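Undergrad: Okay, here's what each chain looks like letter by letter:
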Amino acid sequence: MNNPVSYTMSCLFVLLAHAAMLANVFINGNYNTITDPAILAGAVLLLDITYFTALLFFKQTSYTIDFLLVLVLNMSVIFQSSFGKVKFDGDAIKHYITAVTALIACRIGFIICRNYKTLQNKRKLIYIAIGICIVLILTLTGTRSMWIQIGPISLQPSEFIKPLFILACATSISEQQKKHKVLLFNVVYENIALFGLMAVICLLQWWCADLGSLPTFMAIYISAFLLRICYPKAKLSKKTYITAAAALLVVAVIAFKFAPAYVQDRLHADIWSDTNGNGYQQSQALIAIADGGWTGKGPGNGFLCNVVAHENDIVFATICEEWGLLYALMMIFVILIMLAVPLINPPRSYYHATMSAGVCAAFTVQMALNIFGSCNMIPFTGVTIPFISAGGSSMMVSGFMIGMLVSTQTPVLDNVKGQMRSSPKLPAKKQNKRPVRRQTV
Amino acid sequence: MKSIRRCQHIMSLFLVLFIAGMVTLVIKIQRESAFYMMNSDKHVLGMVYDRNGDVLFDGSLKEGDTSKYGENYFIDVGNLIGDDKGQMTNTLVAKNVEKLNNYSFSQGIVDEGGKAALYTTLDHKANRTVYNAFSGSDGCAVAYNYKTGEILVCTSIPSLDVTNGYKELGTFRDGTLMSKNLSGTVPGSTQKVSTVISALEIMGPERLLAKTFNCSGKYTNKSGKVIDCHELYGHGDLSLQQAVEKSCNPYFAQLIEDPDLPFEELKEMYEDLGYALNGEETEYFEIDGIECMKASTTLTDPTDFQTQWGCMGQGDTLVSPIQLMMWQSAIANGTGKMTMPHLINKVTDVKGKVTEKASTKYSDRLFTEKTAESMKQILLTNGANNYAYSVPNHKIGVKSGTAQVQNGDKENSLLVGFVDEPDFPIAFCVVLEDRNSTYLTAESITQTMLDALSSQAN
Numbered sequence: 091m092n093n094p095v096s097y098t099m100s101c102l103f104v105l106l107a108h109a110a111m112l113a114n115v116f117i118n119g120n121y122n123t124i125t126d127p128a129i130l131a132g133a134v135l136l137l138d139i140t141y142f143t144a145l146l147f148f149k150q151t152s153y154t155i156d157f158l159l160v161l162v163l164n165m166s167v168i169f170q171s172s173f174g175k176v177k178f179d180g181d182a183i184k185h186y187i188t189a190v191t192a193l194i195a196c197r198i199g200f201i202i203c204r205n206y207k208t209l210q211n212k213r214k215l216i217y218i219a220i221g222i223c224i225v226l227i228l229t230l231t232g233t234r235s236m237w238i239q240i241g242p243i244s245l246q247p248s249e250f251i252k253p254l255f256i257l258a259c260a261t262s263i264s265e266q267q268k269k270h271k272v273l274l275f276n277v278v279y280e281n282i283a284l285f286g287l288m289a290v291i292c293l294l295q296w297w298c299a300d301l302g303s304l305p306t307f308m309a310i311y312i313s314a315f316l317l318r319i320c321y322p323k324a325k326l327s328k329k330t331y332i333t334a335a336a337a338l339l340v341v342a343v344i345a346f347k348f349a350p351a352y353v354q355d356r357l358h359a360d361i362w363s364d365t366n367g368n369g370y371q372q373s374q375a376l377i378a379i380a381d382g383g384w385t386g387k388g389p390g391n392g393f394l395c396n397v398v399a400h401e402n403d404i405v406f407a408t409i410c411e412e413w414g415l416l417y418a419l420m421m422i423f424v425i426l427i428m429l430a431v432p433l434i435n436p437p438r439s440y441y442h443a444t445m446s447a448g449v450c451a452a453f454t455v456q457m458a459l460n461i462f463g464s465c466n467m468i469p470f471t472g473v474t475i476p477f478i479s480a481g482g483s484s485m486m487v488s489g490f491m492i493g494m495l496v497s498t499q500t501p502v503l504d505n506v507k508g509q510m511r512s513s514p515k516l517p518a519k520k521q522n523k524r525p526v527r528r529q530t531v
Numbered sequence: 002m003k004s005i006r007r008c009q010h011i012m013s014l015f016l017v018l019f020i021a022g023m024v025t026l027v028i029k030i031q032r033e034s035a036f037y038m039m040n041s042d043k044h045v046l047g048m049v050y051d052r053n054g055d056v057l058f059d060g061s062l063k064e065g066d067t068s069k070y071g072e073n074y075f076i077d078v079g080n081l082i083g084d085d086k087g088q089m090t091n092t093l094v095a096k097n098v099e100k101l102n103n104y105s106f107s108q109g110i111v112d113e114g115g116k117a118a119l120y121t122t123l124d125h126k127a128n129r130t131v132y133n134a135f136s137g138s139d140g141c142a143v144a145y146n147y148k149t150g151e152i153l154v155c156t157s158i159p160s161l162d163v164t165n166g167y168k169e170l171g172t173f174r175d176g177t178l179m180s181k182n183l184s185g186t187v188p189g190s191t192q193k194v195s196t197v198i199s200a201l202e203i204m205g206p207e208r209l210l211a212k213t214f215n216c217s218g219k220y221t222n223k224s225g226k227v228i229d230c231h232e233l234y235g236h237g238d239l240s241l242q243q244a245v246e247k248s249c250n251p252y253f254a255q256l257i258e259d260p261d262l263p264f265e266e267l268k269e270m271y272e273d274l275g276y277a278l279n280g281e282e283t284e285y286f287e288i289d290g291i292e293c294m295k296a297s298t299t300l301t302d303p304t305d306f307q308t309q310w311g312c313m314g315q316g317d318t319l320v321s322p323i324q325l326m327m328w329q330s331a332i333a334n335g336t337g338k339m340t341m342p343h344l345i346n347k348v349t350d351v352k353g354k355v356t357e358k359a360s361t362k363y364s365d366r367l368f369t370e371k372t373a374e375s376m377k378q379i380l381l382t383n384g385a386n387n388y389a390y391s392v393p394n395h396k397i398g399v400k401s402g403t404a405q406v407q408n409g410d411k412e413n414s415l416l417v418g419f420v421d422e423p424d425f426p427i428a429f430c431v432v433l434e435d436r437n438s439t440y441l442t443a444e445s446i447t448q449t450m451l452d453a454l455s456s457q458a459n
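If you read the protein sequences in the order shown, they are chains W and P. The numbering used here puts the first residue of the first sequence at 91, with every later residue one more than the last. The numbering used here puts the first residue of the second sequence at 2, with every later residue one more than the last.
With the rest of the complex left out, here is chain P:
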């Protein structure tokens, strides 16, 4: 009978394997059914709210129906929140459309009264204020709480109100259908923050702060190329603090060439910060499914003009405003770890049950606490010495930058930094495009943004 039992074991094996497969199938269907439905022509999308319950997207709106919310109600975050029409694929709605569907496997599609929603961390009012502050100029601004990771402002101009649809697609200006905060931009001298962090980490604050380099208005590097300073007659002997405040290019060119700053270690630090070097394939990181471009630059030889130029944020260096902002968080919180930003605070399903809730996450340690503290002090001193007048209401640590784009035809103005106040822990990045065509400054937009956020916080 042992053999008959073996036969039964073989039958049991087939049956058990099949049942295991069926159980897997049921689990798979349960988990993926929302995705399947999103691939059909039957879906009813829910709502996206800001942190105060204000609507940022309404799935029940018909195209062109502006009667409910008014004209351009969603324009300030239109190209970040997006829709499901397929014109914009890297948006919050497009990337989380399954969660927004008023569908569940047990209930099916709920046409009316479904409570599927994304509750975002954004502040609609502050975004609108910042959007208006650009006054028709192009650019972008992003700010987040560097203690919690909540993105509060993320506006990009030009933008669109998705309820108007895409009939006028041909007339849209470049950049309308994407949030520039997610894409790489030439960082200008804000890149010097990365260079200083790397040098502090490699050489140690004591050695670096003790060093001085001379600026005579221009510097001929070891490969014979000339690096100009924006100060025609030079800055004279400069310490690191002064070099950061003056944003002196010859200082940084000499720092890169300094034998105390081994080039291979500098490259490693840049890679640790998240740069793709020397033509490596560009990578992306995700914020609630939205892809954000990682930084890239050229570092080939310490005496090479392009390398030195790259360390100052010009040439082919590209960094997204969000990444510039995230580095500020690693400095501001004094740990050397970036606070990872998020847009979705919580997700509710069709019944209104919370299915996802955000939590604060941090990156690996990019640099030591000692480096973070030194860098923080440098930026705070810069803020106190040079921005107390233009951004008066907050204790900020900042670095400005001017990026030459379109072969030097246009200059973008950037300001990255953080607010060093326990109750108002905000890191930010503002990009004002073609600064010479407007009376605005990145500082004035930053001031408006911080005031808007602090009034909301209070």
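The following block holds chain W by itself, in its conformation from the complex:
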């Protein structure tokens, strides 16, 4: 711990933010007895303090993302516990547990992903893990669906493919130079594998008639693809850019043209002419946002909690209604800052850079799909806002992905523990000029 003052101040800031939210719950909230918000407050503050303490056991260069993560997770817990009426039972406890899971997943993600060499050497395992997820979807979901039901728990294996896909993109970045002659073509095996993987994911989503997550995978793939173009020895030319853009355009046009009927319906839906049918959720969401205004109707005072999927698909609107658009924007702002940390403290290797870009792409696209979809700016899909929407799989995976982001801030390079070594892929002259940043928060 290089700067304990800064660490303490950050803890206080997070506690203060949550205390302010809880004060709003106490003053403006709709609850039966004072015990309900009191239990919620206890749970939130306990999780804060426990995580702050647990962080002390992890030696990191920066803790910024960790503080932001616990800030946003407990914000989410307070939101989810307030929908309809402030209480800490049933679904609220379930969400609290998933929040704890997300924090644990973050730690696991950090430990696994910080070392470039470890994953680089075992990247076959990543492909195997993706394969297992795909097989699980094909075999265990029963019907053509993305969900696996194990007792009371529903799992969505396609969610788990997201971080694995990012890792597949990141670990293969250094293989760009290894071209192999196949017939008349010079090919890079890893690129072929990634393209094949993307194609399989597309087919799988098509088969499950659930194309909601497809844009997220596409965003990860596009960011990885762009980074391959930017790779040091890659030949950059206008021709490359134009070809890539044209290919993307053709794929998009074909995809829209031959999209299934249910997708076409959503592309051309007029929600206000069908407010009791397909447009029900979106129209209710927009009415709720309008009703909430800037400052909201108060925790637990909304009506959107009576609408299906208020806690995940249209969660942005539910928060806007009860807490106000201003608060909902602040919540999104916190997530954006979390994603923007690698812009302030840049990654040290292409592996970490690719990982950061993948996580950033996945999160922004997922948030865009959820928020803009529920507000009728784009077709409505059933994806979640990371950390805010309820859902175990999403929380766990989002936590893991933030762990990947944390690992880019405290990387282990050249497999030497605890030391900041430059990546072998960076030119020697430039890496020497770069000062090693040290920051606590």
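In short, the hints are calculated from the structure, not lab data. Computed from a predicted structure; not experimentally measured. Just so it is clear, CB atoms sit at the ideal spot from N, CA and C, and this is done for glycine as well. Certain hints may be false.
[Stated by the list, open to error] Examples of chain P residues lying across from chain W (beta carbon under 8 Å, computed):
| # | residue |
| --- | --- |
| 1 | 8 |
| 2 | 15 |
| 3 | 34 |
| 4 | 107 |
Use these hints to put chain P onto chain W, whose structure you have.
TA: This is chain P only, laid out in the frame that chain W set:
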């Protein structure tokens, strides 16, 4: 490090695109939130006022509550102002209900003390006077200031008082739930104004005014069909001025057939005036959101009976009274451009802040100033020669019309025109339905309307 920076650029791209989307979303929500709320069951409507502050609609009134304003207080403009109940969809309130909602994104719904209101250009007192002038007969009357575009009178009978609700819906007479000023009606000889404008524009005033055609009481056109004149023994040789004053059908039938009036150019002029020709899909123009039907007629062949009949305003020709009135504005202001009418003068939001204010707008030029001046003179001469007695107090330019409807079983009487006085620039159209069933005339209603408006103006 260049590549790491590129990676950061890619991340920045995703973040910037997302932030741009969020900014768009916030703007969208700000702009559309009133519309969203109108789709919920939670809204508190404000007031609609006339030009003198008189109430035309009160959103706080409960159905059947006549204690505040009295019985049938709103009936004169009831089917124009309307309400939000959904029975009438083409009304001022129905089309502007979002602006009338006492809601703002920052304040939410304001149950009491909200100041959302539509301040209209209508004159409630004059409308009531005109409504009463119909004395139980059906019809409609519309008048506006052709310099500013403010609609002052727009009444249509039968009408309803929206505070009475719709429990007696089954007993409502046809036309109760719509303002007839907005719908197409057979224009009768008022259509001849369009034909004369077209001929003046194509042939030029000098050539047209020099022409004469003979009326012997009936005219057999080039396709062998007979066009009758209302004057059994004919009018003899007629100039254009005389033909307009006498409303002589044989004159106009011969004018349509005249080779000096190329038929294709005539059609083009009609289209420029806004007619949908020969079964084209009917279009609408908007007055503060309210849809008003555009004119339509049949023009297929200059020697064809239906075409000639259409140019005289019979057959399947349909024009809304408001459009007839708007053409008068293009003549009266001498520019050939219509003054576009409007009903809303200003809109205030829940805090009473003016959010919209009307301004005068004009159409594209429909015909030249020379044509406008000639047509104006023809109508003023007609007014001076034939209406000085029936509409005595104003210098008016007019054209009357008799429209045969319901296969000739009934005749509607129309009068379109304008007042040529700098301080009282009014264009108008009056339709009196089934003129043979009443002692009233379109002229008497026009006189009442102009007197009511001038007394208000003074």
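Undergrad: Are any of the numbered hints broken by this structure? If so, which, sorted upward?
TA: Failing hints: none at all.
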